[in-house]
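J.: Each chain is listed here by its residues.
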Amino acid sequence: MDGVEAPGFREVSAVTRDTPGLVASAAGVTALYREHAKGLVRLAVVMLGDRYIAEDVVHEAFLGLYRHWGGLSDASRALPYLRSSVLNGCRSALRKQRARDNVRAGALARTAVPLESAEAWALVGEEHREVLAALKRLPDRQREALVLRFYLGMSEDEIAAAMRISRGTVKSATSRGIAALGRQLKKGDSSER
Amino acid sequence: MNVEERLLAATRAAAETVDEIRELELPAFPARAGGRQTPPPGHWRAWAAPVVAAVAVIALAVSLVIVKEIPKPIPASPAASVNGVPRYYVALKPGVSNSSIRNALVVGDVITGSTLATIQPPPGRSFFGVTGAADDRTFVVDTLPVQSQADPNKPRTWYLLRLAPGTATPARLTRLALPSLSSVSAVALSRSGDELAVASGGDSDVGVGGLTGGPGVLRLYSVATGKLLRTWTSSDQFAFDGSPGYGETSENNGDLTWVADDHAIAFLSVGAAPGSTPQKTLRMETLHVVNLAARGDNLLGDSRVIWSQTYNPAGCTDGYNVLITADLKTIVCLSVTPPAGYPNGSPKKGAHWTLRWLAYSTSAPATARTLLTAMLNDEGVDSAPVPYAEWISTSGKTIIAEWYSLSLRSAPAHIHIGAVSNGQFTPLPIPVRILSGLEPGTPFGLRQSFGW
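Chains as they are written, first to last, in the numbering used here: chain C, 1 to 193; chain F, 194 to 645.
For the record, the hints were derived by calculation from the structure and aren't laboratory data. Treat the hints with caution; some may be incorrect.
On the chain F side, residues computed to face chain C include the following (Cβ under 7 Å) [claimed, not checked]: (1) V196; (2) L200; (3) A203; (4) T204; (5) A206; (6) L217; (7) G512; (8) A577; (9) L601.
Only pairs whose alpha carbons sit at most 20 Å apart, straight line, appear in this in silico EDC-like list of lysine to aspartate or glutamate [what the hints assert, rightly or not]: (10) C:K96 to C:E55; (11) C:K96 to C:D140; (12) C:K38 to F:E216; (13) C:K136 to F:E209.
Ideal Cβ placement from N, Cα and C applies to all residues, glycine included.
Taking the hints into account, I'd like the entire structure generated from these sequences.
T.: Structure follows, in structure tokens:
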């Protein structure tokens with residue numbers, strides 16, 4: 001586990017909110033971007049399975065921060081703000097993706113293969129692809145709870161806040177998601193034999 | 194690898210496909226969506242100031258209403274603030290180093306509000322869980338490897354923490370001979386401090402709660418020698434309550450409790466109860482007691498059920514913690530009622546959550562007494578109420594209650610923690626930084642675990 005970079009977990013060090021003016025806000029947002037954007041794009045890729053939409057979502061989050069820079073009360077809260085914006089952006093993108101899938105129903109109905117470049121996707125490995133495909137097939141609530149819990153390491157209370165559901169529902173969604181994922185993977189394993 | 198480990202590995206592998214990302218192109222100056230230009234941030238602040246002030250006034254007014262609804266609040270003197278609450282606590286102090294979680298321990302005094310000691314974890318390790326004996330001086334803590342995010346499936350190592358307030362060495366940490374254990378879901382030190390109960394495993398295929406990785410196991414160890422004294426194993430259709438890793442929040446420590454003068458252990462399990470249709474099941478929480486004097490190693494077959502609940506809007510809300518007194522007579526749980534219309538739409542002005550700490554007698558479980566009622570403003574998107582029953586006295590006459598509104602966008606405005614006794618809420622002087630865990634750079638604000 002050591003050496004794995006967690007998404008955007010480092011302290012905001014390069015920014016001070018007291019620096020006035022546009023130059024400062026641009027510099028501040030740019031510094032945050034350099035430090036955290038990759039981690040946030042990674043989070044969005046896990047949620048969406050699409051590198052390009054993930055980058056768009058993260059860009060939108062940073063642009064939102066830039067727009068509201070003057071209202072930021074504490075620089076150390078910039079990262080939670082961004083992370084929250086990315087999660088919201090992912091939800092919105094998934095809704096749009098589903099709408100597209102519905103339009104294309106029968107032709108390109110929700111495929112297990114994400115809209116990632118084939119080259120990058122090949123690096124993931126067959127075993128992981130199977131898990132990611134199964135993850136994507138889960139109901140939204142279960143998938144999001146699992147990603148927040150296991151990829152981001154969020155606590156149940158934090159997941160409850162992010163998803164706006166109760167702690168009991170977080171527990172249920174997480175455990176049901178794990179159970180469903182396990183069943184799908186077991187099914188996949190046995191069909192390969 | 195179990196399912197969780199496969200999920201961790203797959204999500205990380207997907208994330209690592211992202212190497213380079215494109216540069217951020219900011220507009221010439223901040224613009225609203227749709228391209229309309231806005232004044233510079235300083236101007237934004239200028240027009241926003243009166244609005245913020247007005248909102249602050251509204252928030253203050255609502256806060257005053259909330260305080261009024263707490264039964265007879267606010268302390269008299271520090272000495273009066275104890276009410277039978279253990280004087281010393283041990284809490285995790287979340288920290289982050291080089292993108293890795295590395296929790297320290299803080300030993301605090303609820304009479305003076307002072308910190309007796311801060312203990313750094315051994316090299317390469319992070320403190321994760323803590324549980325205390327009845328003498329208020331003996332604690333067992335455990336550690337996990339330092340890592341980028343808490344992974345409770347990693348093996349834990351165990352330490353004894355002894356307090357000696359007022360001496361040159363107020364806290365001393367000693368490695369215990371207990372074996373490394375993984376997939377731990379709850380621990381509890383006996384009231385005597387002689388034995389440690391460890392719950393692990395549990396099968397999530399029941400569809401609710403618990404961990405994957407086979408049957409649930411309750412083990413009993415000697416603290417002095419590390420020797421395994423007893424083992425109880427469940428059938429497959431069983432799960433301990435709690436998400437993976439009790440160290441995440443203190444609630445999971447309450448899932449395992451020594452009772453009846455250390456002659457029995459109470460544990461909380463979750464399972465599925467029939468719902469309105471065969472496809473819809475309800476989350477059911479059940480409190481069992483296993484008697485140490487009795488023979489047998491079947492966790493469920495050799496224990497008795499003393500309380501259970503499914504979703505009940507008028508009673509306990511599932512998913513929050515449940516405490517039981519050492520005399521087995523009283524159970525305390527939480528009732529959480531959301532604002533009207535939740536979770537759809539933006540919160541209306543004055544929308545609030547109602548939090549109640551309820552006490553049930555095990556001999557008359559149908560009737561609840563309300564120990565405390567608190568109202569919490571609904572802060573809208575990315576927020577949730579966080580209530581806990583942290584501790585309960587042997588008689589059940591005093592509890593420690595804690596609550597705040599968790600927001601992913603800002604630090605909590607108020608964190609309430611105090612003793613509730615005879616209808617009075619008496620705040621405890623625990624530093625907010627310990628309560629919230631919101632050290633700069635801490636991911637989100639990992640919450641502490643308390644040992645009392």
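J.: Each hint: holds or not?
T.: Here is what the structure says about each hint:
Annotation: interface hint on F:V196 holds; nearest CB of chain C at approximately 4 Å, less than 7 Å. A cut of 7 Å between beta carbons decides the hint on F:L200: the least distance to chain C is about 5 Å, and the hint holds. At its closest, the beta carbon of F:A203 sits 4 Å from a beta carbon of chain C; the interface hint therefore holds under the 7 Å criterion. For F:T204, the interface hint holds, the least distance from its beta-carbon to any beta-carbon of chain C being 4 Å, beneath 7 Å.
Given the 7 Å rule on beta carbons, the hint for F:A206 holds: about 4 Å separates it from the nearest Cβ of chain C. Evaluation of the F:L217 hint against chain C yields a held restraint, the C-beta minimum of about 4 Å falling below 7 Å. Because the smallest distance between the Cβ of F:G512 and any Cβ of chain C comes to about 2 Å, under 7 Å, the interface hint for this residue holds. The beta carbon of F:A577 comes within 4 Å of a beta carbon in chain C, closer than 7 Å, and the hint placing it at the interface holds.
The closest approach between the C-beta of F:L601 and any C-beta of chain C is roughly 5 Å, which is under the 7 Å cut-off, so the hint is satisfied. For a cut-off of 20 Å, the pair hint linking C:K96 to C:E55 stands: about 16 Å separates their Cα positions. For a cut-off of 20 Å, the pair hint linking C:K96 to C:D140 stands: about 13 Å separates their Cα positions. Between C:K38 and F:E216 the alpha-carbon distance is near 11 Å, which keeps this suggested pair within the 20 Å criterion.
For the hint pairing C:K136 with F:E209, the CA-to-CA distance comes to about 18 Å; that is within 20 Å, so the pair holds.
Violation of the numbered hints given earlier is absent; every hint is satisfied by the structure.
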